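> Now for the letters of each chain:
Number of protein chains: 2
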Amino acid sequence: MPRCSISGRPPGCTARSSVCPPRAATRSCRSWTSGQSSSSGSTRPGGAGPGPRRDGPVSEGLAGAPWALALLRDARVGRLATADAAGRPLVVPVCYAFDGSGCYSAVDAKPKQTRNLRRLKNIADNPQVSLVVDVWDEDWSRLCWVIVEGRAEVLGAGAEFARAIDLLVEKYPQYRALPLDRSGGAVITIRPRRMLAWRAA
Amino acid sequence: MPRCSISGRPPGCTARSSVCPPRAATRSCRSWTSGQSSSSGSTRPGGAGPGPRRDGPVSEGLAGAPWALALLRDARVGRLATADAAGRPLVVPVCYAFDGSGCYSAVDAKPKQTRNLRRLKNIADNPQVSLVVDVWDEDWSRLCWVIVEGRAEVLGAGAEFARAIDLLVEKYPQYRALPLDRSGGAVITIRPRRMLAWRAA
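Same order as they appear, the protein sequences are chains E and H. Each residue of the first sequence is one higher than the one before, counting from 1 in our numbering. Each residue of the second sequence is one higher than the one before, counting from 1001 in our numbering.
Among the clues, some could well be false.
In silico negatives: residues of chain H with every beta carbon more than 12 Å from chain E [as the list claims (entries may be wrong)]:
| id | residue |
| --- | --- |
| 1 | Pro1066 |
| 2 | Arg1079 |
| 3 | Cys1095 |
| 4 | Thr1189 |
Residues from chain E that face chain H, not an exhaustive set, calculated with beta carbons under 7 Å [unchecked claim]:
| id | residue |
| --- | --- |
| 5 | Gly87 |
| 6 | Val91 |
| 7 | Ala124 |
| 8 | Pro127 |
| 9 | Ser130 |
| 10 | Trp136 |
| 11 | Phe161 |
| 12 | Asp166 |
| 13 | Leu167 |
| 14 | Gln174 |
Some chain H residues well away from chain E (every beta-carbon gap over 12 Å; in silico) [claimed, not checked]:
| id | residue |
| --- | --- |
| 15 | Pro1093 |
| 16 | Ser1101 |
| 17 | Glu1170 |
No wet-lab data here; the hints were simulated from the structure. It should be emphasised that the depicted structure is a prediction, and the values quoted were computed from it without experimental measurement. Beta carbons: idealized from backbone N, C-alpha and C, even for Gly.
The following block holds chain E by itself, in its conformation from the complex (with noise of 0.2 Å):
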């Protein structure tokens, strides 16, 4: 799977993304598939989405704007959205560490409990996901998005789970505190499809 283009931390990025960069443009947002990028025109924080729907060719990769991957990259939590085998939504905040070609997502809990956790049960049953990390302020001018599209695998065991849990526990000093369970845990890869992502100024 090919990495992103991620350029260095955009000028006016905090080291938690706590506000986007600025740009000259007007408010949009866009999308990206297979390295192409397309605009939808000009929203309004209050309406904030993703516009219209786009189906363009899938990719295995993307290639989004700089400070959309940067801030991909370096936000501390994300909300995942699953749904179930009857399209029933369910949204979770989630810790998660972004490669630069996936996302990865661990559930530390005993084995029961995994397999119980609901967001795992839909992803064995719909494996279409969405995650969103996004900047709050009370100015709406720094107001910003993005937002990943892919499917989702759960991984127990392998190279790409120990890789995952080894960027997990190097993003969130916290892991190393409350280990992550190596043996019984789970993780969630998100592999993306599409990336939306829009600022408002």
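With chain E's structure known, arrange chain H on it following the hints.
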């Protein structure tokens, strides 16, 4: 629709719900339907989730823990998950207002854009939605979240639409400078059927 039993702001909650109030109990996830609550046992921040699915009785109202209702009332931003007819989820950050029985979020765009907005198309095809409001903190003992599950409807006129706009303008001073469209806009109303709540400590 009955109003929720919201008490005053719990000790430790700031005006913007930046922290969850501490309590003596261990980590747990609770759900409420028809005023009932049930515990799913302990969980961990890294795997913080709503726990096993519980199909309790459906309720038109909510009667959850005071801290959870206060968080739902005071939080400045939530993340709303919808899903299309094929069960493909979409999660977006939203400004919203909670009046004790329902949640309201405005879509303030031009009529054509509003009609095309994907979350609205999703709701038209599949009214099941999930809204999460959470507190992120590097100190994971302060993590908490509330998830509202329910059915959504899109309003474009009428008394409930007008009241929702009033609630949103009251909660967000930003809407005074960026007037919400009372004729061409739309309001998503979420009628909760179940609430899940969790806090780390």
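> Could you run down the list of hints and mark each one as holding or not?
Okay, the hints, checked on the actual structure:
Interface exclusion of Pro1066/H from chain E stands, the closest Cβ pair being 21 Å apart, more than 12 Å. At the 12 Å boundary, the C-beta of Arg1079/H falls inside the reach of chain E, the nearest C-beta of that chain being 4 Å off. Not every CB of chain E is more than 12 Å from the CB of Cys1095/H (nearest about 6 Å), against its label as outside the interface. With a cut of 12 Å on Cβ distances, Thr1189/H stays outside the contact zone with chain E, its closest approach being about 15 Å.
Nearest Cβ of chain H to the Cβ of Gly87/E: about 4 Å, under the 7 Å cut. The hint holds. Satisfaction of the interface hint for Val91/E is found here, the shortest Cβ-Cβ separation to chain H being roughly 4 Å, below the 7 Å cut-off. Among the interface hints, the one on Ala124/E is violated; its C-beta lies about 13 Å from the nearest C-beta in chain H, farther than the 7 Å criterion. Annotation: Pro127/E was flagged as interfacial toward chain H, and the flag is violated, the nearest CB pair being 10 Å apart, outside 7 Å.
Interface hint status for Ser130/E: upheld, as the beta-carbon distance to the closest one in chain H is roughly 5 Å, under 7 Å. The restraint placing Trp136/E at the interface with chain H holds, with a minimum CB-CB distance near 4 Å, inside the 7 Å limit. For Phe161/E, the suggested interface contact is broken, since its CB lies about 14 Å from the closest CB of chain H, more than 7 Å. Annotation: interface hint on Asp166/E violated; nearest CB of chain H at approximately 14 Å, more than 7 Å.
Taking 7 Å as the C-beta cut-off, the interface hint given for Leu167/E is violated, the closest approach to chain H being about 13 Å. Because the closest C-beta pair between Gln174/E and chain H is about 5 Å apart, less than 7 Å, the hint holds. Consistency note on Pro1093/H: stated as away from chain E, yet its beta-carbon is not over 12 Å from all of that chain's, at 4 Å minimum. Every beta carbon of chain E lies more than 12 Å from that of Ser1101/H, the smallest distance being close to 21 Å; the non-interface claim holds.
With 12 Å as the threshold on Cβ separation, the claim that Glu1170/H sits away from chain E holds: the shortest Cβ distance comes to roughly 14 Å.
Hints 2, 3, 7, 8, 11, 12, 13, 15 from the earlier list are contradicted by this structure; the remaining hints agree with it.
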